[in-house]
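Trainee: In the order they appear, the protein sequences are chains A and B.
Residue numbers are given in full-length UniProt numbering: position 329 of the first sequence equals residue 329, and the series is strictly consecutive.
Residue numbers are given in full-length UniProt numbering: position 118 of the second sequence equals residue 118, and the series is strictly consecutive.
Simulated from the structure, these hints should not be mistaken for lab results.
Predicted model only: the values in this text are computed from it and were never measured.
For glycine and all other residues, C-beta sits at the position ideal for the given N, C-alpha and C.
It cannot be assumed that every hint is accurate.
[As the list claims (entries may be wrong)] Here are a few chain A residues that sit away from chain B, every Cβ distance over 10 Å (derived from the structure):
(1) A78
(2) H213
(3) H225
(4) E229
(5) V234
(6) Q237
(7) S242
(8) A247
(9) G253
(10) C268
(11) H272
(12) A278
(13) E281
(14) P298
(15) S299
(16) R317
[Unchecked claim] Not everything, but these chain B residues come out facing chain A in the computed CB check (under 8 Å):
(17) A61
(18) A102
(19) V167
(20) A211
(21) A215
(22) A216
(23) R219
(24) S221
(25) H225
(26) L227
(27) Q237
(28) L243
(29) H291
(30) L293
(31) S299
(32) A315
There are 2 protein chains.
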Amino acid sequence: MRPWKSKIVANSPLVSHTWGVTVSSLNRDVCILGLGLIGGSLLKDLQASGHSVFGYNRSAAAVTAATSEGYAADTDLAAVLTAAAKRDALIVIATPMPAVAAMLDAIATYAPTCSFTDVVSVQQAVCDLVVERGLQDRYVGSHPMAGTAHSGWEAAQEGLFHDAAWVIGFDAAAAAFASNEPVPPQWITTFVDVVALAHTVGARVIPATAARHDAAVARISHLPHVLAEALSVVGDQGGALSLSLAAGSYRDGTRVAGTQPALVRAMCETNHAALLDALDETITLLSEARHTLAAQPPSVEILAEAGYRARTRFAARSLADGKTRPVIRLQPGADDWIHQLMHAEHTGAVIDIFAPRPENSGTHPNEQPDTLR
Amino acid sequence: MRPWKSKIVANSPLVSHTWGVTVSSLNRDVCILGLGLIGGSLLKDLQASGHSVFGYNRSAAAVTAATSEGYAADTDLAAVLTAAAKRDALIVIATPMPAVAAMLDAIATYAPTCSFTDVVSVQQAVCDLVVERGLQDRYVGSHPMAGTAHSGWEAAQEGLFHDAAWVIGFDAAAAAFASNEPVPPQWITTFVDVVALAHTVGARVIPATAARHDAAVARISHLPHVLAEALSVVGDQGGALSLSLAAGSYRDGTRVAGTQPALVRAMCETNHAALLDALDETITLLSEARHTLAAQPPSVEILAEAGYRARTRFAARSLADGKTRPVIRLQPGADDWIHQLMHAEHTGAVIDIFAPRPENSGTHPNEQPDTLR
Numbered sequence: 001m002r003p004w005k006s007k008i009v010a011n012s013p014l015v016s017h018t019w020g021v022t023v024s025s026l027n028r029d030v031c032i033l034g035l036g037l038i039g040g041s042l043l044k045d046l047q048a049s050g051h052s053v054f055g056y057n058r059s060a061a062a063v064t065a066a067t068s069e070g071y072a073a074d075t076d077l078a079a080v081l082t083a084a085a086k087r088d089a090l091i092v093i094a095t096p097m098p099a100v101a102a103m104l105d106a107i108a109t110y111a112p113t114c115s116f117t118d119v120v121s122v123q124q125a126v127c128d129l130v131v132e133r134g135l136q137d138r139y140v141g142s143h144p145m146a147g148t149a150h151s152g153w154e155a156a157q158e159g160l161f162h163d164a165a166w167v168i169g170f171d172a173a174a175a176a177f178a179s180n181e182p183v184p185p186q187w188i189t190t191f192v193d194v195v196a197l198a199h200t201v202g203a204r205v206i207p208a209t210a211a212r213h214d215a216a217v218a219r220i221s222h223l224p225h226v227l228a229e230a231l232s233v234v235g236d237q238g239g240a241l242s243l244s245l246a247a248g249s250y251r252d253g254t255r256v257a258g259t260q261p262a263l264v265r266a267m268c269e270t271n272h273a274a275l276l277d278a279l280d281e282t283i284t285l286l287s288e289a290r291h292t293l294a295a296q297p298p299s300v301e302i303l304a305e306a307g308y309r310a311r312t313r314f315a316a317r318s319l320a321d322g323k324t325r326p327v328i329r330l331q332p333g334a335d336d337w338i339h340q341l342m343h344a345e346h347t348g349a350v351i352d353i354f355a356p357r358p359e360n361s362g363t364h365p366n367e368q369p370d371t372l373r
Numbered sequence: 001m002r003p004w005k006s007k008i009v010a011n012s013p014l015v016s017h018t019w020g021v022t023v024s025s026l027n028r029d030v031c032i033l034g035l036g037l038i039g040g041s042l043l044k045d046l047q048a049s050g051h052s053v054f055g056y057n058r059s060a061a062a063v064t065a066a067t068s069e070g071y072a073a074d075t076d077l078a079a080v081l082t083a084a085a086k087r088d089a090l091i092v093i094a095t096p097m098p099a100v101a102a103m104l105d106a107i108a109t110y111a112p113t114c115s116f117t118d119v120v121s122v123q124q125a126v127c128d129l130v131v132e133r134g135l136q137d138r139y140v141g142s143h144p145m146a147g148t149a150h151s152g153w154e155a156a157q158e159g160l161f162h163d164a165a166w167v168i169g170f171d172a173a174a175a176a177f178a179s180n181e182p183v184p185p186q187w188i189t190t191f192v193d194v195v196a197l198a199h200t201v202g203a204r205v206i207p208a209t210a211a212r213h214d215a216a217v218a219r220i221s222h223l224p225h226v227l228a229e230a231l232s233v234v235g236d237q238g239g240a241l242s243l244s245l246a247a248g249s250y251r252d253g254t255r256v257a258g259t260q261p262a263l264v265r266a267m268c269e270t271n272h273a274a275l276l277d278a279l280d281e282t283i284t285l286l287s288e289a290r291h292t293l294a295a296q297p298p299s300v301e302i303l304a305e306a307g308y309r310a311r312t313r314f315a316a317r318s319l320a321d322g323k324t325r326p327v328i329r330l331q332p333g334a335d336d337w338i339h340q341l342m343h344a345e346h347t348g349a350v351i352d353i354f355a356p357r358p359e360n361s362g363t364h365p366n367e368q369p370d371t372l373r
């Protein structure tokens, strides 16, 4: 048994009062910093589901729009965070990456005990800023895999996260596990709250440490943006006839090139190391295809076959992403729960939070805690 | 005045009996060789619009399915083409590229006077096979820019071509123009018929010679397939976590990698020269982005800005593709009509066929023909 186990479970009120049920709703106010596409959509979803939620945004225009639509929002960051501290709210950093450091400083100053998360598309850089400030015990990183080519409050919409994958980090737990230290109790509470936040808006939670998240999104989110930009340019260089003939394959392949360049740059440049690996693999594949296409007879067999196999695997996996997909149920703090997180990360599995009732102990493989409340 | 003008107009019954009206319907039976996605969809659309249409397919399964759904189809190519000859049908070659040569040989044998077109995604290679056989006076190449990732009769659907761009070639006319020769009368009749075929199924006609068509589709159709294959592979190489996190940008960017590899190979390998140019431009852009991303500070500014500008131009052009977009009206055989085709090719403009009534001559810039019927 890991040394921190019984202590954590006994000390975690959110876990101890949810024995026997899946923790799928959040019992805490939420404070959202940044009301763009992601933050704004989260605000709308949470309010629609009856949660007490309020937000900060730098631009007055978005705040005015949100307020006129019946949401609580303000441009005064200090006032918003002071309210978050008073209400012990879960804070969500939903600004672009360049503003994250300032948000962390403000949280440290005005909400010095609140748990917080983020929804930034690159996680290691946020983690590093959090650790620099010594805030890691109350921070759980997260990244909902949802978006459109549009941005800003006006693009925010209810239902954006429904059935989307939502990555939730466990770097602090993995680090504690590696050094045989107990996981901080507030971290576990925060983890459970952030999972519940994702579940509240209908997302499926997949755990991943920051480095593995960043490596994965370089391949399936940042690289697609880079390739879409390149395809846009090469199509455009074909002139008016090319653009007139462009149909589904070009439209789909360039769609995310319609994203504001500043957002693309923030993602790609922040995640440059992982993206370089993915980009190098891509350039190698294309150069090999170029080589076989210039040969006699011209051939793209290797790439076409490999791409089709890969796409088929992805399609099969996507089909399996529905409600029938197995869910790994975790009891935070129980034996092996960090092993389970690592297993879920490795297999890209969805997790749920579960704490068994004492009378059900025979049906649950995890050892029961020694004390209840 | 070009030397062939009055002769052609006077000798072309299809043009001369449509004075004053847009030629938007086809007054001829249609014979389709190959009942896959494109040929099958064309068969369905034509029959739905009341045309007499029949087809050939090599595989008995598709013929059985089509026949059971009430369409006229047969696996006997000689019999089908003999019927086409008897009915003076317009023949449409809708097989994959590797079967085109055999179709042309069969047409030369069994339907030696019929006009014909094709719907193959690469045009120069078809043109070359046609010219090798001396069939160019009754051939007008064409390529509807419509498709899905699925193929075969089971993927055929009504409405596939609605509002799609449909390229129609004019290589024989351009060659005649260049050498100051008259355009063959049967070629003009064929051209008008193929335009009417495209209009019958709701497509917008854009003229382009085979070489320019192939250069354009390399950029906006074949390159997107190659990039989708590469993106599929690189995402897949990220393992289960990557595929679990993949969302809209990866799904859209890899969609056409779900196309059967044999079809991708047929397109890309047949159009290898033009695709190599597009692929080289892409590799250069990606290598430059790789270079700036590895620098300090990492940057993808140049590519992100250029890609966004290009996509914005494409989106604006797509919006303009609706009914408000200007249409260039041609009177086949009239003064300057080949100039107009070249202008439309250069600007990617949509064309329509129009022959003015004699009494309207004051309102039409084209000179009137000397004789009517």
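Trainee: Can we keep the B:A216 interface hint, with Cβ of chain A closer than 8 Å?
Mentor: Since the shortest Cβ distance to chain A is 4 Å, the answer is holds.
Trainee: Taking the minimum C-beta separation from A:E281 to chain B, is that value above 10 Å?
Mentor: Given that some Cβ of chain B is not farther than 10 Å from that of A:E281, nearest at about 5 Å, it is violated.
Trainee: Have a go at the B:A315 hint: is there a Cβ in chain A nearer than 8 Å to its own Cβ?
Mentor: holds, 7 Å
Trainee: Measuring Cβ to Cβ, find out whether A:Q237 lies farther than 10 Å from everything in chain B.
Mentor: For A:Q237, whose nearest Cβ neighbour in chain B is about 6 Å away, the distance does not exceed 10 Å, so it is violated.
Trainee: Measuring Cβ to Cβ, find out whether A:P298 lies farther than 10 Å from everything in chain B.
Mentor: Given a closest Cβ separation of 4 Å, the condition is violated.
Trainee: Under the criterion of a CB-CB separation shorter than 8 Å, is B:L227 in contact with chain A as hinted?
Mentor: Hint holds; B:L227 Cβ to chain A Cβ min 5 Å, cut 8 Å.
Trainee: Quick one: work out the minimum CB distance from A:S299 to chain B and report holds if it exceeds 10 Å, violated otherwise.
Mentor: violated, 6 Å
Trainee: Is the shortest C-beta separation between B:A102 and chain A less than 8 Å?
Mentor: This interface hint is violated because 19 Å lies over the 8 Å limit.
Trainee: Classify the label on A:S242 as holds or violated, using whether its beta-carbon is more than 10 Å from each beta-carbon of chain B.
Mentor: Answer for A:S242: violated, closest chain B Cβ roughly 4 Å.
Trainee: Once the shortest beta carbon distance from B:Q237 to chain A is found, is it less than 8 Å?
Mentor: holds, 6 Å
Trainee: Using 8 Å as the Cβ threshold, decide whether B:A215 counts as touching chain A.
Mentor: holds, 7 Å
Trainee: Against chain A, with CB atoms and a cut of 8 Å, does the hint on B:L293 hold up?
Mentor: holds, 5 Å
Checked against the numbered hints given earlier, this structure breaks hints 2, 3, 4, 5, 6, 7, 8, 9, 10, 11, 12, 13, 14, 15, 16, 17, 18, 20, 29; the rest are met.
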